[in-house]
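Novice: Each chain, written out:
2 protein chains.
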Amino acid sequence: MRTLLTVVDEGTFDAAAAVLHVTPSAVSQRVKALEQRTGRVLLMRTKPVRPTESGEAVVRFARQLARLERDTRAELGMSGTEEPTRLSIAVNADSLATWFLPALSRVPAELPLCYELRREDQDHTAALLREGLVMAAVTSSPDAVPGCSVRRLGHMRYVPVASPAFAARWFGAGSGTPLREAVADAPVVVFDRRDDLQDAFVRKVVRGRRGASAVRHLVPTSESFGEAVAAGMGWGMVPEVQAAPLLRARRLVTLAPDRRIDVPLYWQQWKLDFPALAAVAEAVMAEAAEALDDGRAG
Amino acid sequence: MRTLLTVVDEGTFDAAAAVLHVTPSAVSQRVKALEQRTGRVLLMRTKPVRPTESGEAVVRFARQLARLERDTRAELGMSGTEEPTRLSIAVNADSLATWFLPALSRVPAELPLCYELRREDQDHTAALLREGLVMAAVTSSPDAVPGCSVRRLGHMRYVPVASPAFAARWFGAGSGTPLREAVADAPVVVFDRRDDLQDAFVRKVVRGRRGASAVRHLVPTSESFGEAVAAGMGWGMVPEVQAAPLLRARRLVTLAPDRRIDVPLYWQQWKLDFPALAAVAEAVMAEAAEALDDGRAG
Numbered sequence: 001m002r003t004l005l006t007v008v009d010e011g012t013f014d015a016a017a018a019v020l021h022v023t024p025s026a027v028s029q030r031v032k033a034l035e036q037r038t039g040r041v042l043l044m045r046t047k048p049v050r051p052t053e054s055g056e057a058v059v060r061f062a063r064q065l066a067r068l069e070r071d072t073r074a075e076l077g078m079s080g081t082e083e084p085t086r087l088s089i090a091v092n093a094d095s096l097a098t099w100f101l102p103a104l105s106r107v108p109a110e111l112p113l114c115y116e117l118r119r120e121d122q123d124h125t126a127a128l129l130r131e132g133l134v135m136a137a138v139t140s141s142p143d144a145v146p147g148c149s150v151r152r153l154g155h156m157r158y159v160p161v162a163s164p165a166f167a168a169r170w171f172g173a174g175s176g177t178p179l180r181e182a183v184a185d186a187p188v189v190v191f192d193r194r195d196d197l198q199d200a201f202v203r204k205v206v207r208g209r210r211g212a213s214a215v216r217h218l219v220p221t222s223e224s225f226g227e228a229v230a231a232g233m234g235w236g237m238v239p240e241v242q243a244a245p246l247l248r249a250r251r252l253v254t255l256a257p258d259r260r261i262d263v264p265l266y267w268q269q270w271k272l273d274f275p276a277l278a279a280v281a282e283a284v285m286a287e288a289a290e291a292l293d294d295g296r297a298g
Numbered sequence: 001m002r003t004l005l006t007v008v009d010e011g012t013f014d015a016a017a018a019v020l021h022v023t024p025s026a027v028s029q030r031v032k033a034l035e036q037r038t039g040r041v042l043l044m045r046t047k048p049v050r051p052t053e054s055g056e057a058v059v060r061f062a063r064q065l066a067r068l069e070r071d072t073r074a075e076l077g078m079s080g081t082e083e084p085t086r087l088s089i090a091v092n093a094d095s096l097a098t099w100f101l102p103a104l105s106r107v108p109a110e111l112p113l114c115y116e117l118r119r120e121d122q123d124h125t126a127a128l129l130r131e132g133l134v135m136a137a138v139t140s141s142p143d144a145v146p147g148c149s150v151r152r153l154g155h156m157r158y159v160p161v162a163s164p165a166f167a168a169r170w171f172g173a174g175s176g177t178p179l180r181e182a183v184a185d186a187p188v189v190v191f192d193r194r195d196d197l198q199d200a201f202v203r204k205v206v207r208g209r210r211g212a213s214a215v216r217h218l219v220p221t222s223e224s225f226g227e228a229v230a231a232g233m234g235w236g237m238v239p240e241v242q243a244a245p246l247l248r249a250r251r252l253v254t255l256a257p258d259r260r261i262d263v264p265l266y267w268q269q270w271k272l273d274f275p276a277l278a279a280v281a282e283a284v285m286a287e288a289a290e291a292l293d294d295g296r297a298g
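Protein chains in written order, with UniProt numbering: chain A, 1 to 298; chain B, 1 to 298.
Source of the hints: derived by calculation from the structure; they are not laboratory data. We put the beta carbon where it would ideally sit given N, CA and C, even for glycine.
Some chain A residues judged to face chain B by a derived CB distance under 10 angstroms, without partners named:
id : residue
1  : T46
2  : L96
3  : L101
4  : P112
5  : C114
6  : Y115
7  : L117
8  : P187
9  : R193
10 : A214
11 : H217
12 : E227
13 : A231
Input sequences plus hints: build the corresponding full structure.
Specialist: Take a look at the structure:
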């Protein structure tokens with residue numbers, strides 16, 4: 001089981017072998033033995049390897065088992081427990097760029113913790129939880145992953161913005177009035193292929209349009225996204241908290257002060273609670289209550 | 001061939017079918033037909049699908065073919081050419097967070113371009129080029145991908161930094177003198193599991209140590225990495241250009257003013273040149289010459 005986890009974490013049999021100080025063929029034999037005992041293929045032999053659906057369940061089980069073992073050892077005062085607790089958490093890019101690190105700084109410093117943050121699309125963070133790669137996730141999905149609990153964090157508010165020069169060129173002096181038609185044709189910045197926010201905004205303000213312009217630039221980091229919009233590459237939906245200082249500095253103008261899109265965010269985590277995870281969850285809920293619109297602490 | 005590209009771009013047969021307005025089984029049949037004609041399996045049926053090694057070669061070929069076709073149509077003034085040229089480029093996170101967007105703003109604005117930026121580990125960007133997913137990449141690899149040319153951009157300089165409070169606690173008043181032993185034991189921030197920079201620094205300053213402390217936090221975005229270090233989660237290697245303002249504001253102190261790590265960066269792109277790609281390459285070389293240490297324009 002430990003071998004399986006190591007292979008999943010390291011991505012290849014060779015890397016896992018190096019970590020475990022055994023040969024790659026020993027790693028392969030152990031995984032095969034586990035597959036024979038469970039009667040299922042657990043890993044797809046891709047690069048990096050990926051757990052199958054059955055594999056995901058076993059990986060989740062193995063991680064929680066390792067966790068329980070460690071807690072019990074710690075309670076019994078047994079050796080080998082000095083190493084800090086690893087907390088793997090999947091966080092969507094905009095949360096990581098804004099409120100999530102301040103949330104972690106609320107966690108009591110005396111707790112011996114290591115954070116393993118994974119940055120993922122907010123629609124994809126729940127998948128990492130399902131695959132057993134993380135213990136908790138900030139996600140847009142309210143549907144609980146098996147074996148996990150869900151709490152609402154609040155929502156992140158996105159506002160439509162552009163650089164003053166871009167707005168003047170496409171929407172007339174940045175007044176935002178002749179927006180309806182122009183916004184569907186103006187070049188747009190999107191986060192990646194899966195980012196639907198700009199299209200959702202266009203559907204909201206322009207009846208009958210399926211989405212924003214096909215002239216779209218993909219800029220897949222949270223901070224660069226804002227920079228690309230400020231540089232005039234296109235308009236885009238930027239988290240209000242990130243846009244605020246740029247709006248004040250007149251590096252951005254808003255396209256429609258009364259229009260925005262709210263994306264609900266949830267905290268999903270293993271039901272198997274342990275002190276470190278509980279402390280982080282509490283810090284996350286507390287920060288979300290302050291930093292997110294409509295955030296609730298509990 | 002177009003079907004194959006769509007499947008690779010969209011990630012699943014179903015999504016490709018929706019884009020192409022055919023049934024998923026038609027998509028599957030076309031891919032199978034292409035596999036029979038080439039006598040090779042081209043796609044691994046994972047989620048998302050991934051090209052096999054043979055598939056990568058065919059994808060690269062198909063993209064360059066599509067490119068040639070479009071250029072020829074444009075030259076002949078044929079219809080269907082008004083849509084802007086899509087330039088897919090893989091960029092490492094630290095470049096995207098620092099000098100890469102300013103480079104793009106050097107590209108003449110009248111060129112009808114859409115950028116599809118992919119953020120990847122600098123050691124992994126070349127793989128995206130090999131897999132045919134991008135046309136160009138900022139990479140740490142000087143080894144040309146088949147069918148691609150390589151030019152040196154310069155190097156990105158990383159400096160070891162920590163928050164003043166962290167430095168005072170672990171290294172004594174931030175003087176940096178008793179660094180040697182402490183740095184191998186102090187908590188450290190790393191970008192992800194593949195980030196070797198902090199370990200490389202420790203190996204450089206502490207003889208006989210294999211790497212930095214096992215107490216390591218993984219913070220996988222460029223900006224959050226700097227924030228996590230400034231928040232005192234650990235020390236870390238931060239690009240000098242990002243560290244400079246934080247050093248001036250005394251939010252960071254340097255651990256060893258005379259020690260740094262230089263990571264060479266290269267521009268790899270398809271040999272099949274076309275005006276838009278050439279214009280971007282020129283802008284990238286020019287910006288790198290100014291923004292990167294030891295950058296050369298040509």
